[in-house]
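Protein chains in written order, with our numbering: chain A, 1 to 392; chain B, 393 to 970.
Accuracy of the hints is not assured; some may be wrong.
As the list claims (entries may be wrong) - Sample of chain B residues at the chain A side, in silico, Cβ under 7 angstroms:
#1 K510
#2 V582
#3 M631
#4 G894
For the record, the hints were derived by calculation from the structure and aren't laboratory data.
All C-beta atoms in this analysis are idealised placements derived from N, C-alpha and C, irrespective of residue type, glycine included.
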Amino acid sequence: MSTNDADTATDPHGDHGHDHEHPAFLAHHFDTPEQQYDSGKLGMWVFLVTEVLFFSGMFCAYAIFRMLRPEVFEGCSQFLNTTLGAINTGVLLFSSLTMAWAVRCAQTEEYKKLTTLIATTLSCAMIFLGVKAIEYSHKWEMGLLPAGMFSYDPAHPHHADAPNYLLWICLPFALIFLGTLIWLISSIVKGNKFQTACLKPLTIVAFSFFIGIGLGTILESGNKGESHSTASDSTEHIESADHSSEIASVGHSPESSQGGHTEYGVMERLAVDATNSGLKNELKALDAQSELATGTVVLDHSTDVDATIKRAPRDFLTPSRAGVFFSIYYCMTGIHAIHILAGIGVLVWLLVRSVRQDFNRQYFGPVDYVGLYWHLVDLIWIYLFPLLYLIR
Amino acid sequence: MSAGLNIPGGTVRDPGFPTERENYLTNSKGVLSWLFTLDHKRIGVMYLIGVTMAFALGGLLALALRWHLLDPDGTLFTNNIYNQVFTLHGAIMVFLFIIPSIPAALGNFLVPIMLGAKDVAFPRLNLSSFYLWIFGAIFFVMALCASGLDTGWTFYTPYSTTTDTSVIMATLGAFILGFSSIFTGLNFIVTINTMRPPGMTWFRMPLFLWATYATSIIQVLATPVLGITLLLLVAERTMHIGIFDPEYNGDPVTYQHFFWFYSHPAVYIMILPAFGIISEIISVHSHKHIFGYRFIAYSSIAIALLGFLVWGHHMFTAGMSDMTTIIFSALTFTVSVPSAIKVFNWLATMYKGSISLTTPMCYAISFIFLFTIGGLTGLHLGTLATDQHLHDTYFVVAHFHYVMVGGTLVAFLGGLFHWWPKMFGRMYNENGGRFSAFLVFLGFNLTFLPQFILGSRGMPRRYATYDPEFATLHTASTHGALILGIGLLVALIVLLMSLVRGKKASANPWGGATLEWNCTSPPPFYNFERAPAVGDPYDFHSIEWDEENERYVTVDPERKIAPEEEPTTEPAHADKKH
Ligand SMILES: [Cu+2]
Chain A
1 MSTNDADTAT DPHGDHGHDH EHPAFLAHHF DTPEQQYDSG KLGMWVFLVT
51 EVLFFSGMFC AYAIFRMLRP EVFEGCSQFL NTTLGAINTG VLLFSSLTMA
101 WAVRCAQTEE YKKLTTLIAT TLSCAMIFLG VKAIEYSHKW EMGLLPAGMF
151 SYDPAHPHHA DAPNYLLWIC LPFALIFLGT LIWLISSIVK GNKFQTACLK
201 PLTIVAFSFF IGIGLGTILE SGNKGESHST ASDSTEHIES ADHSSEIASV
251 GHSPESSQGG HTEYGVMERL AVDATNSGLK NELKALDAQS ELATGTVVLD
301 HSTDVDATIK RAPRDFLTPS RAGVFFSIYY CMTGIHAIHI LAGIGVLVWL
351 LVRSVRQDFN RQYFGPVDYV GLYWHLVDLI WIYLFPLLYL IR
Chain B
393 MSAGLNIPGG TVRDPGFPTE RENYLTNSKG VLSWLFTLDH KRIGVMYLIG
443 VTMAFALGGL LALALRWHLL DPDGTLFTNN IYNQVFTLHG AIMVFLFIIP
493 SIPAALGNFL VPIMLGAKDV AFPRLNLSSF YLWIFGAIFF VMALCASGLD
543 TGWTFYTPYS TTTDTSVIMA TLGAFILGFS SIFTGLNFIV TINTMRPPGM
593 TWFRMPLFLW ATYATSIIQV LATPVLGITL LLLVAERTMH IGIFDPEYNG
643 DPVTYQHFFW FYSHPAVYIM ILPAFGIISE IISVHSHKHI FGYRFIAYSS
693 IAIALLGFLV WGHHMFTAGM SDMTTIIFSA LTFTVSVPSA IKVFNWLATM
743 YKGSISLTTP MCYAISFIFL FTIGGLTGLH LGTLATDQHL HDTYFVVAHF
793 HYVMVGGTLV AFLGGLFHWW PKMFGRMYNE NGGRFSAFLV FLGFNLTFLP
843 QFILGSRGMP RRYATYDPEF ATLHTASTHG ALILGIGLLV ALIVLLMSLV
893 RGKKASANPW GGATLEWNCT SPPPFYNFER APAVGDPYDF HSIEWDEENE
943 RYVTVDPERK IAPEEEPTTE PAHADKKH
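Isolated chain B, as found in the complex:
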């Protein structure tokens, strides 16, 4: 407790710094204390390291692809190798990075702390889903080493049942990763349902928790369908069960239906938690109450549910009946409504706020730009007539990269910068962070804006070579990818440098009001002795800037005991014995 501030009328509340014995990073030592930890924070950190490595691998593959496409005839690979590289890029990025990135890494760290709880509901299940993730990742790397994989990340039949690359290994990997994802989602649903502290009603939850909850619902409902689909695919390859294989009367389009029944909702597994992060960052760094709390909360749930009804938009050209395509197209448009609600609410939150252009905020603002472009170009693909032209072109590639990279990755970085001081107790170089945000924004747009044009001019996706007329745009795209890579590298360096020479972070460096800012940075291993008092998570009235110590503190208004006089020590009804 520090006293002597010039803040009138109230007592200042600040948890100070953790001792080495309390700090969750240092309270027990040795590799084994990490590998067998049940502490959700350490599991979150291990996930963070894991997904960063997966991302580095996928990113290097992406750079190699872009490098290959510098020349119309390709510079690096043979066509077969090119197929394998883009397959691995997609599969690694989707299954190993984006899906676990925010929910498993940041979510694991944050969900219990935001709830004021000591841990998630099932800590052992939590650790086992981390190890399932590791196993799945190993299977993927083995598929890479064994004989390549060239089906694309979607494993479409009939090609995946006939190619002799290691489809079985990769699908088993994805199956295991699916269970990791299911268990994480299950854990969060139960944690949020049963472990909220007294006073935290559903509508006093931080929006990140709403987003995580909606994500978890999708993880739990959609992933099992992917599981059985991949299992049937493995059975198809080993025993020729004839469900997907046309040679035995099977129907390859059935595979597509099954696959997209998972994989469309899966894109919301990827983007919904990003929405949650952005809601937190925008409100905290604009120092203004979030606008339309209930709308943002409900729209997360609406997206989660509507997301189950639109999978057919990936198959408009696969030969469904006209009526089906029209219905899927119409339903696809309805999903844009809750997404737009969120964007408008974020803008309204920023309006007349006192915005600090910190690194997280820079990322959040670029998220709004990039996600809006990504979302709006989705409408072109959801429209039946334009999709006939744009299907399987670079337009699709650019669209989903705007959502997945411009949306999820940028939000992930924003969230990482936002909660980094909380996770590791160190402040990073603010200017370095801003510079990385600028490079990422610039590089990203330079990479993918040209791809929209390429696609609309008819450049098909997944081709190793292209017509010389597309050369200029492809070259621009490759240069953009390099800048993007450098930007990400700068971000990594800035964060790692902070661990070495960063200033000690205070408990509340940004002025947030959610519960995680109520414990020390980094949090003690038990998070909270007791669940803290819960208020409105976006009410910043009692948060004040403490100039002297460069930190935000919570100022409790002076409370008086009423009635003032001491109560009589003798009970009023002492004579009446029960």
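Okay, chain A solo, but in the shape it has when bound:
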């Protein structure tokens, strides 16, 4: 415990004034700056624990559905662009570096550097969102949506009548950029130095979103040039991958129908004869039973009996299969993106305070706490990237 006035505290009717100085940044209910800093830090850590648990629900959902249908996850992760994911990982890692450096600068009272570093962190966050916008809009156009809205059709991957999603995502960011730009110009004209100092970096930050958009577009089209010339490039690429997996599954399925199901393999062979409808029904019942026993049974329309063994790996591009993968993908990355947005909010607040030179050797808590939060958001992405993009 950092308080040292235990001996004076035993006298309840001593002098009533505060004998130690109370600096402006120290809240009235704390005794020392150390106590205030420790409280804030512990509070932030506890908050981060709740954040981890908040995401844990979705990681659980991921684990459960991956366990139930690994082939769906394998197939669907090929729709995700690894290059864009990797770029975003790099961007976020770099932003963590600048954030940690910013904490150091707040402690050493180097305000210029602090402002620059916070602005860099913010720009990285914006680039991340820009790249994400490219990824999202591309998938939405193809109908790769959560289960209820999933409308992907391998034959016609690009919906002709789809709205221009990218434009709609860019619109608010463009407005923000224009707003900051106009505000910046007016503050320069008015000669408001403080506002100018705040808005200069913020304008660059707002513009960074479009750097991300540009980066994403270039990388997407780079892929295009390699494979095919038409618009259905990456999907066709995926389709060819799909064909190869199909071949693999064809090679695999007779094995599984004989080797895997030895308990009623003979019956199965007899049931191939169309006249043996009774046997077919019995097999149906046995299948349902074994599914019940493993706990995988769920109301599934697409799992009619003739589809169970041979067709399952092939047609995973249905709402109830790929759709669920994309549900999980959008939930996880979407809520992560919301956290990035929240981070951007608090970082802007930090930037303004940094321009105002609020922080000093004894009071740098807010930078430190926001830094911790930012590292956690980064860390969650570090888990999301391999789980969704890389593991095949």
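Fit chain B with the ligand to the known structure of chain A by using the hints.
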């Protein structure tokens, strides 16, 4: 300071009464000074008013339900309305009343004062969690007005994803309330960790703080999981994400796992602070040191941690594997060990104590009776074989009402009567208080004992009508509910009357030794000028009854300065210059 008492050997310490400028209730005036206050005491009082109103609403709904069940065919509602009423009763009572009742209302008031601190660690966060609570409550009321809600408070899928009642509104309300709860818990964890006064080690903390700490751990660890579950449920309804919805290959039992991963620990959010209150009341009103302090403290933490491992006992009939059910059943039994430790320690504290049968003590004693019944009937439900029969019957209803109402509500009332003089500076009519405790005890048992029998005879829960053979027991239950309602009304009247014509309360009306009795009643807005001296919170040796002024005072033993002679004014090593 008052002198001239006939207490030998010592100086009497008593803070007296606050001036109007110091009193936290009167030091600033106007509605805005309350709405934007950062004072934890005022926030606690606002919570108290809020949860009382939520409780009144939930209670009236409960009475309406019981009234409906007077007749086997139902007297008041159609079946649909009945579903909506019991859903709202459950949801309001759980999310708006029980979870915030003790931690947010009493806890907010007491935690900093018991720590000798000026406020909680994050006063602004504290106020914002109050407003989150208000917002959540508004969402709930809107769900009520919009199109009813008939899923039960658990929002089980697949029904909640298919019904067209206002599930989204209610789940968003619960989501917001969850954040309110998380922030309160976070605040208390940090406050207790970093703001203890010098001398208050972990094992010199009042047990109420231990209980609050354990509760806060659960709030912080479990509530986010509920948050994401409800968010996924909203996404399921709006976008059909197919995680819970069987139509898209989802698994409704996954929802149950997620939900109970929060909601079982949540029952400890409800009951643990009640344990803390009872530990305080029993010790103070028996005027005896608490028995087994460390056991009670550790058992709170043990319950908090074990509580995370037993959620499956709500799903024994949902089709888990045998092995899983056996493990969950066994783990469920282990939770009863720390709970029993507490009960035995309370009884041992009362043994050979000089018990004053004050109102708080009456409530505490009825808590011990009711909670023991509630806890022991839990064992029937944790046993796999008997649960097959009792699952989803009135037995379950009676069991959790014994724990939630007989436990938490009774402890909340006991705590309210115990700290009322401290909160508002007025003494209430003791006989009126005792009478309310008696009515509550009587009415409660008459309501819920018959429900155990109903359940074991096969009456399913949540049914709007029933077989005529159950009529007698249902009628008894309804009459009990009326008595219970009257008892609660009496308690409310007694407390409100005290504000008008109650006698001024002294700083220490019961003879407690924890720090909150060291400041005036009601406390000044700054609580303590400095952190007071910390001793054993259950050592009553220096607390004496002052007959003349009808109050308890702290008597400091006469201290002598040793050595007696004045030290020389000249430093001994004056010649040695550094
Ligand atoms: Cu439980």
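Each hint, compared with the structure:
1. K510: With Cβ-Cβ at 4 angstroms, under 7 angstroms, it holds.
2. V582: holds, 5 angstroms
3. M631: Holds. Min distance 5 angstroms.
4. G894: violated, 27 angstroms
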